[in-house]
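Engineer: Below, each chain spelled out in residue letters.
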Amino acid sequence: GDSVTQMEGPVTLSEEAFLTINCTYTATGYPSLFWYVQYPGEGLQLLLKATKADDKGSNKGFEATYRKETTSFHLEKGSVQVSDSAVYFCAPRLLRGNNRLAFGKGNQVVVIP
Amino acid sequence: GAVVSQHPSWVICKSGTSVKIECRSLDFQATTMFWYRQFPKQSLMLMATSNEGSKATYEQGVEKDKFLINHASLTLSTLTVTSAHPEDSSFYICSAEERQRNTEAFFGQGTRLTVV
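Chains S and U, in that order, give the protein sequences. Residues in the first sequence are numbered from 1 upward in steps of one, following the numbering used here. Residues in the second sequence are numbered from 114 upward in steps of one, following the numbering used here.
By construction, these hints were calculated from the structure, which means they are not laboratory data. Ideal placement from N, C-alpha and C gives every residue a C-beta, glycine not left out. Any given hint could turn out to be false.
Not close to chain S: a few residues of chain U, all C-beta gaps over 10 Å, as computed [claimed, not checked]: (1) H120; (2) S131; (3) L159; (4) K179; (5) T193; (6) E217.
Here are some, though not all, of the chain S residues that point toward chain U, as calculated from beta-carbon distances under 7 Å [as the list claims (entries may be wrong)]: (7) L44; (8) L46; (9) K105; (10) G106; (11) V110.
Label pairs and their in silico Cβ distance ranges [claimed, not checked]: (12) U:M158 x S:T70: 43 to 51 Å; (13) S:V110 x U:K179: 33 to 41 Å; (14) U:T195 x S:Q108: 42 to 50 Å; (15) S:T26 x U:W123: 33 to 41 Å; (16) U:K154 x S:T26: 22 to 30 Å.
Please build the complete structure, drawing on both the sequences and the hints.
Structural biologist: Have a look at this one:
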């Protein structure tokens with residue numbers, strides 16, 4: 001069935017380090033792909049999105065490219081800040097069922113000054 | 114982006130009482146709203162999908178009589194936790210979508226429910 005897999009475990013890194021969070025999915029067809037971010041005690045905010053193959057979503061220095069060959073949508077940022085500390089969720093939109101978002105487990109990112 | 118307002122942001126209630134959580138789309142018509150539950154350090158668990166004017170569709174394992182969902186208008190959906198117990202304590206999040214957009218979902222701020 002349709003699913004999404006994010007890399008295991010929290011991510012701890014120093015300020016200005018390079019961040020990568022891997023996300024792969026299995027789905028029918030070519031779903032729209034999203035990354036959401038959740039800051040402590042808050043709901044989710046859309047970080048970026050890509051709606052077709054080879055599209056690159058970008059926002060606040062974060063980028064992710066829709067790779068249909070590898071069914072991946074890895075999130076990257078070249079130089080993280082303390083304010084980037086949050087939980088990041090990869091979420092493809094399922095084309096089956098009620099067309100809802102399928103959320104990965106999320107990755108806690110902690111940026112140390 | 115569009116704004117979804119969820120209220121209250123936190124609530125403490127006694128066991129056996131009911132709690133209502135509201136989710137409002139402030140600047141668009143939300144044809145579909147979703148209710149999620151999130152446990153500490155875990156992902157979102159979809160509880161139900163709510164379409165305006167029709168009955169909600171519940172996910173497997175979610176008690177319909179326990180979690181009452183009403184989506185009476187295009188801008189408001191409510192989740193009522195009936196006869197709450199401590200195990201219902203959790204973070205509840207709603208999201209809203211506009212049919213024509215059918216791309217991104219907009220999320221409320223979440224409600225922290227604590228049942229004592």
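Engineer: Confirm or reject each hint.
Structural biologist: Okay, the hints, checked on the actual structure:
no., hint, result
1, H120, "holds (12 Å)"
2, S131, "holds (23 Å)"
3, L159, "violated (7 Å)"
4, K179, "holds (21 Å)"
5, T193, "holds (19 Å)"
6, E217, "violated (5 Å)"
7, L44, "holds (4 Å)"
8, L46, "holds (5 Å)"
9, K105, "holds (5 Å)"
10, G106, "holds (5 Å)"
11, V110, "violated (12 Å)"
12, U:M158 x S:T70: 43 to 51 Å, "violated (28 Å)"
13, S:V110 x U:K179: 33 to 41 Å, "holds (35 Å)"
14, U:T195 x S:Q108: 42 to 50 Å, "violated (33 Å)"
15, S:T26 x U:W123: 33 to 41 Å, "holds (37 Å)"
16, U:K154 x S:T26: 22 to 30 Å, "holds (25 Å)"
Consistency with the previously given hints fails for numbers 3, 6, 11, 12, 14, ordered from lowest to highest.
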